[in-house]
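Participant: If you want the building blocks of each chain, they are given just below.
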Amino acid sequence: MSAPFFKYGLFGEETSLIVAFAIGIGFGFFLERAGFGSARKLVSQFYLDDLAVFKVMFTAIVTAMLGVTYLAWLGWLDLSLVYKTPTYWVAQLVGGLVLGAGFVVGGYCPGTSVAAAATGRLDGLSYLLGVGAGTLLFAGAFPAIKGLYYAGEMGVQTLPGVLHLPYGLVVFAVVLMAVGGFAGATWVEHRRAATHEEE
Amino acid sequence: MATVAQPLEVARDTAAPRTRTGKAYMNPYLAGVGLGLVLLAAFVVMGRGLGASGAFSAAVAWGLSFVAPAYVRSNEYLGPYLDGGAHPLKAWLVFEVVGVFTGALLSGLLAHRVRRTVEKGPRISSRGRLAFAFAGGGLMAIGADLARGCTSGQALSGGAVLNLGSWIFMMCVFGGAYLVAPLLRRQWR
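Chains as they are written, first to last, in the numbering used here: chain A, 1 to 199; chain B, 1001 to 1189.
Since the hints were derived computationally from the structure, they do not count as laboratory data. There could be a bad hint or two in this list.
Unchecked claim - Quick look at which bits of chain B chain A covers, simulated, 3 or more residues with Cβ under 8 Å:
id : stretch
1  : 1026-1038
2  : 1064-1070
3  : 1120-1131
4  : 1135-1143
Virtual Cβ for every residue (Gly too), placed ideally from N, Cα, C.
I would like the entire structure built from these sequences, with the hints used as guidance.
Facilitator: Here's what the structure looks like:
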């Protein structure tokens, strides 16, 4: 078995669009299942009442990370053929902060707003219109912010690469961090629930 | 609340435990495993992760090309979406996002969670909430364009393959959100 299948030419561009649609269905299905079509559920993460965003996200990261790692060890998946976005650390740091602020202002991130709109949330629809407006604004201002867009260029970099640690060790550390995070998240939720009862 | 839609409520009461708006949400760890397996499938089949924001940039480039084609072509950020001869919407992420809409609708219908509503806290008007949603979408687009991806493409997909920029981005998303959350309490609590 040689994966990624598409990179080994098992199917062409046209078929890849059908695959995109199928994968999207799975993505949207589980986003909605988790409750991520609801802005109130999503932002509860940032008021510490319900940490499902963290739990779902890190469970997904750990699941996919372990899958990719084991398949690569078995020699079935060539990890170097899996696309990685180049690092521009300054642009990604600033972009992350702006996006995080937008998450609480708008109540969604781009993917979850689609799930919200699909299930009748008018605020999800309004959010999507805002995304269009923001994109226009960004494109218009691009000549002025080009410096920031390319700031901190480092090429394609991985955590094991920059930390000079074995891949498996970083994977193990992420798993430990996630499990510790889950325990901490549940503890915070219980504490919050207890304080709400006292009020 | 008990007076609203009585017959329907009775008919659905035999279903699994549910919240006011439909069935209860899935256990977060179970949903996370499901999401992770979808992401793994994308890596194995396509050699790429999931995404969302890129599809909106393509859609904006396409839409604007009817109004101001010369502007889009000369724009350094949107121009590339029109290059290459293919239709700008005939792109992997666009088809994937159409799938996200379909999958979410399917899940929502199965759980009786599809209904026209505005998600908001008790202290803000619907109109105010829609304005905040619009502004938040705008901020999010700027952040995602700057970071070359959003929560899906960067944090989730890049996070799973231990991409450095994705982890920097993810930490900053949580940081930025926790920083502004106290200022926006009125909208949600």
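Participant: Are the hints correct? Go through all of them and say.
Facilitator: Status of each hint after checking the structure:
| no. | hint | verdict |
| --- | --- | --- |
| 1 | 1026-1038 | holds (count 11) |
| 2 | 1064-1070 | violated (count 1) |
| 3 | 1120-1131 | holds (count 6) |
| 4 | 1135-1143 | holds (count 9) |
In summary, the structure is inconsistent with hint 2 from the numbered list given earlier, while agreeing with all the others.
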